[in-house]
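Numbering (this note's numbering), first residue to last: 4 to 397.
One thing to keep in mind: the hints can contain errors.
Stated by the list, open to error - In silico lysine-lysine, BS3-like type, Cα no more than 30 angstroms apart, as pairs:
1) LYS100 with LYS353
2) LYS83 with LYS314
3) LYS258 with LYS231
4) LYS234 with LYS251
5) LYS251 with LYS18
6) LYS251 with LYS231
7) LYS314 with LYS383
8) LYS314 with LYS18
9) LYS83 with LYS251
Read the hints as simulated data drawn from the structure, not as lab findings.
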Amino acid sequence: MNYAEIFLTALNSLKSNILRTILTMLGIIIGIFAVTLVLIISQGATAAITSKISALGTNLLYIVSEQGINLTLDDATAIKQELPEIQTIDEEVIRTKTVSANGQSSSYSITGVTPAYFTLLNLNTSLGAFFTDDDVTSYATVAVIGSQVQTDLFGTNSNPVGQLIQIGNKSFYVIGVLPSQGSSIAGNPDTTIFIPVTTALSSIAGGTTLNSIEAYVPDPNQIDIAAKDVKQLLLDRHNVTDPQVISKYAVFTSKNLLATVGSITGILSAVLAGIAGISLLVGGIGIMNIMLVTVTERTREIGLLKAIGAKEGNILTQFLIEAVVLTVSGGLIGTLLGIVVGLIASSLLKVPFTPPYLSIIGSVIISIIIGLVFGIYPAKRAANMSPIDALRYE
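Please model the complete structure; the sequences and the hints are all you need to start from.
In structure tokens form, the structure reads like this:
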């Protein structure tokens, strides 16, 4: 028998019981489908987050209140005055408050910032204007609202500029409206109300602690040096001597954030792929069990093949081909299903769809390996049968 005949014989054997063949492939289909889907979604999510972080630029430092260092406006002033590599500073305080206007009421993120915030994030207004440094200095009760806030409180295509909104128990004049932005790594401007940081601290937050400070470094090559200088300055200003706080306190850069995102998505992908791998293992064991049953059912056929001159290698090859055809077919079907579902999921989750070329190649390789590993024992058992005993088998 030549290899073409062996292959055709293997295919005919699988087609003779198509339902069992499909059920046997099911474990492989599910496993490869899960692996493909995990890769598509994780790669898409990573690409989406990475693009949003990169969109903020490689010139920004993110300094947060944590590990015993409560940031203040004085800290921001010191950073700008004492560190020449830093050009622009923005201070932020964030709270969630109930906001009322025009007979409507809802909860929104109230973010106290300086005008530098809008410059650093390249934001523009669709109506009105941003508040100024004078507004920050004078604790002005003015607000710039997101597009969703505009729609919720004043209606679609409204012009709320000059209208009053009630934040907590204090009234603010709307002086600007942002166009629709969508969510980003820095939050969702559409559902945010921006007010001067000084006003936020005195009237909304009721304290002096900032949530964060953003610093702009003109020369991206100086970003790591600036991060170390900022950290040291803050440690000195807050008289921090605890070694644990010193070692853990971090000033984040875009590179830090990208590394963190990559680490988290990598771990999640590995865990999910491991779960999918268990499905592949179960599928492989199922194939071995079915192949053993098939060998028993086809004992007389094996005896006839040997009686007409088929060698042990021919029998071994035939059963291995059957096992590999099962796993490769299941792998390709699973990959196709994973791509289709992944495309739908990417659209629903609004993340980029990354064609899983590696997944397609990997699924074929994994399927072949599973077929060979779990098919070798049944194939050997068939090949080692005595033709006389096989022909006598009832």
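Open item on the list: Can you confirm whether the C-alpha distance between LYS83 and LYS251 stays at or below 30 angstroms?
Closed with: 23 angstroms, holds
Task: Pair hint LYS251 and LYS18, alpha-carbon separation not exceeding 30 angstroms - done: 63 angstroms, violated
Open item on the list: Need the status of pair LYS234, LYS251: alpha-carbon distance at most 30 angstroms?
Closed with: 11 angstroms, holds
Open item on the list: Would the hint linking LYS100 and LYS353 be met if the CA-CA limit is 30 angstroms?
Closed with: The hint holds at about 28 angstroms.
Open item on the list: Can you confirm whether the C-alpha distance between LYS251 and LYS231 stays at or below 30 angstroms?
Closed with: 13 angstroms, holds
Task: Pair hint outcome, LYS83 versus LYS314 [Cα-Cα no greater than 30 angstroms] - done: 84 angstroms, violated
- [ ] Please work out if LYS258 and LYS231 have their alpha carbons no farther apart than 30 angstroms.
- [x] Holds - the C-alpha atoms of LYS231 and LYS258 are around 14 angstroms apart, at most 30 angstroms.
TODO: Take the C-alpha atoms of LYS314 and LYS383, compute the straight-line distance between them, and say whether it is at most 30 angstroms.
DONE: 12 angstroms, holds
Open item on the list: Check whether the Cα positions of LYS314 and LYS18 lie no farther apart than 30 angstroms.
Closed with: 24 angstroms, holds
The structure does not agree with the numbered hints 2 and 5 stated previously, though it agrees with the rest.
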